[in-house]
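For any residue, its number in the numbering used here is found by taking its place in the sequence shown, counting from 1, and adding 11.
Think of the hints as simulated: they come from the structure by calculation, not from any bench. Some hints could be false.
Derived BS3-like pairs: lysine-lysine, alpha-carbon spacing no greater than 27 Å straight-line [as the list claims (entries may be wrong)]:
hint	residue 1	residue 2
1	Lys672	Lys771
2	Lys693	Lys818
3	Lys771	Lys818
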Amino acid sequence: MFFRLRYLLLSSILSLAGSLLLFVSLAHAATFTVTNTNDSGAGSLRQAIIDANSSGGIDTINFSIAFDCPQIAPTSSFPVITDPVVIDASTQVCTLGSPDSPNVELSGHGAGAGAIGLRVTGNGSGSTIRGLIINRFSSDGIQLDSSNNTIVGNYVGVSADGATSAANGGSGIGIFSGIGIAPASSNTIGGSTAADRNVVSGNLGNGVAVTAQDGGSASNNTISGNYIGTNAAGTSGIANTGDGILINHAQGSASMTGNLIGGTTSTAPDGACTGACNLVSGNTANGIGLWHSGVSATNVRGNYVGTSVSGTASLANGDIGVEVNESPNNTVGGTTPVARNIFSGNNGAGVFLTGAAATGNVFSGNYIGTNSAGTAAVPNQKMGFGIGASPNAVGANSSIIGGTTGTTPGGACTGSCNLISGNIQNGIFISGSESFGHQILGNYIGTNAAGTGSIGNHSDAIGILSTPNLTIGNGTDSGRNILAGNGQNGIVVVGGASTGNRVQGNYIGQSTAGGSMGNTSRGVVISSATDTAILGNNIAFNGGLGIDLDNNGTVNLNDPGDGDGAANRLQNFPNIFGVRNIGGVTKIGGQFNSTPSTSFRLEFFSSDGCNAGAPNNFGEGQTFLGSLDVSTDIFGNTAFGYSHSSAVAGNKYITATATKKIGSTASETSEFSQCALVNAAKPALTNGDTWFLKYDLTTGPGDIAFRYGFPSYFLMCAWDPNQLGVKLPVIYSGGAWYMRASYTTGTADLTVSYGGSGHKPVCGDWNSDGVDSVGVVASDMTWLLRNSNSSGAPDAGNFGYGSVGAKPIVGDWDGDGDDTVGQVETNNNWSVRNTNSAGAADASFNYGFTPGYPVVGDWDGDGDDTPGSVNTGGTWALRNASSGGAPDGSFQFGFPGAVPVIW
């Protein structure tokens, strides 16, 4: 009995306690209903706020006003919200507008000076404001100096129709923290659905302003899915007078980290601005601003800034799309399509970065100057991306534009690739000595998103003015920039402060697949800048020179010892004198003169054509083949021989550049060399004293002249293993060979004793090693061939071929890499053999002038040597097949007494 009574008593006490707890809980979650539009008293919004502030807990204010779409016009500011509350005007009946339109208008036209629409202070943190039209207040529409609030589904600064301005005098939504003021962090403005979208437009300040100063904290706020500066349809502008969104560290110390503008939820890459995408367009100043050093680690993702909601037309902000000013370590964009920002259609730059504190920023995966699909231009009226000084700030440094994550070399612009195309000025423009250290990697500048068609920036792809130590490309496929289809040049580097810049591994004038998409003017222009290294790029199809030093539009010819100055100190280019396919590889040889006792990197390229044309025949570099390190001697000279791992097609042109090295660091790069057609022969003349060499098969004077030798037998032989494939001057007299290693006046560099009196000299590559070696033909047409340039017995033995009195000739008649024997009789009958042995001719035909001089060469670069003939008047008639018939080409080059030779 005792235990039963104690149990019943305890149960009664617990039941009473539960009732009390339920009462307290209900008291902390009161609902207040606004039933009229009065400024005060029972049923008014003012009274509901007063009651909610007094109630404690997270209360709710609903609306049930008897008439449709009511307007409440206070005569003074509403009470500050000091206790958490959910103000939900979506509970009010309103038959106008769309289902997602707000239902109750708060018009502050009579609220007096300094009136704020609704303000939530520190103790009111955790409040929600939904479904209101807040306009015509003399200060901010909504002000939050508190945290964890949610602002969704409101019109702020526009009329109930969402189409006309009804300005608040300050910002539409202000988030603020400062000295003595609670943190303003983790607030959410908008969401990822149409119902959560705020339209924040027409205000006399900024659209949304997040500000901290003097010890304040405003971090981890989210601004997503709003229309800021436009009408409710996102099709026309209702300008906020300031920026659309401004994150601002105003003064003193402050913490403003981790704020999010936009997001990736339910965004629609290539389509309209949906989900978490903010449409930030039509504002008087910038679209988005990140200001001062306390603002860091901000993420700007998935927004349309400067376009209409469809992403297909301009809805311009008055100045810049997004400005990062003295703000470090922010991320603008991302590596997935849903994180892509569209910065297009703005009256200023798409993106602008300024201020010494603005370091470590990353801009990846954005479209700048195009529509949301990346298929057509929606131009920013200035540059796509600018870095430099601004009022009260110097240039920014050490940020990344693009990146290497998720890029697709040879495919479309994906991952961290920025598409920067269609802008009125440059794609990227960087200025000032303080704007150093940026990396520009993996971007498409001037193309469509697929990289297959042009959406050119009207000026240069990249312009650099007085800025040092920039990296444009990093030599990897994933870091390759495509700089193509632009209205002027690919890259321009100007100014004495522009030192130490590096351009490496880019396509300049080519599509993503390497096809033709030239920039209208030149590939790379260096003007008054020095130490610019241009390495491993594919540069082709541009309207002017591939590389232009000193911005003069013409080739700067080499000077002995490279003692001149100006842009990149007018570094000398290599001279390619021979290119030959041997044994499945391409061997490139030549000579180079520059500063004495210096190391250089020589780079080699192949191209479909030689764009500069006659008479100089300087080219570009369509496909990078590889490089070779060399060092000059005390006179500044070196010979070079480079072997490419595979054979370059015979109809291709080879060019080269030279880059000075300081230790292991590449420095100044030259212009491109003259073109050399693979396997192609070139004409020369000598009278045994003076030699004249010509670069192409056209009428005109020689391009190189020098004195060497004495009247005797004259040959051009590729005898120097350091200059693979380069035919060099050789004199033969009475069994002595005098071999010169350059096209300059001087004495023999190598003397060989082979042959004797009555022998006629021949030279050729008898064993496919890429080096011509000596041979002689006796009067009875016995051939004695040696595989090295030295004295000794013949390597090919003794064999007879040809008729006594015929002229012995040598050529690679079948393109197998071996030179073999032939003869031309006095009646111009040719007979040639494909092996170095006695036997019947493999081809016989009649060709040539009478009188005339037979010549042998690969005139079309197809790998086969074929006949030619030069008459006494200097007319050359060349044929591209080992057969009789009409010439395939002819030109005039000669003088009385000259003997034609081939180099």
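Now the hints, each set against the structure:
no. : hint            : verdict
1   : Lys672 - Lys771 : violated (46 Å)
2   : Lys693 - Lys818 : holds (21 Å)
3   : Lys771 - Lys818 : holds (9 Å)
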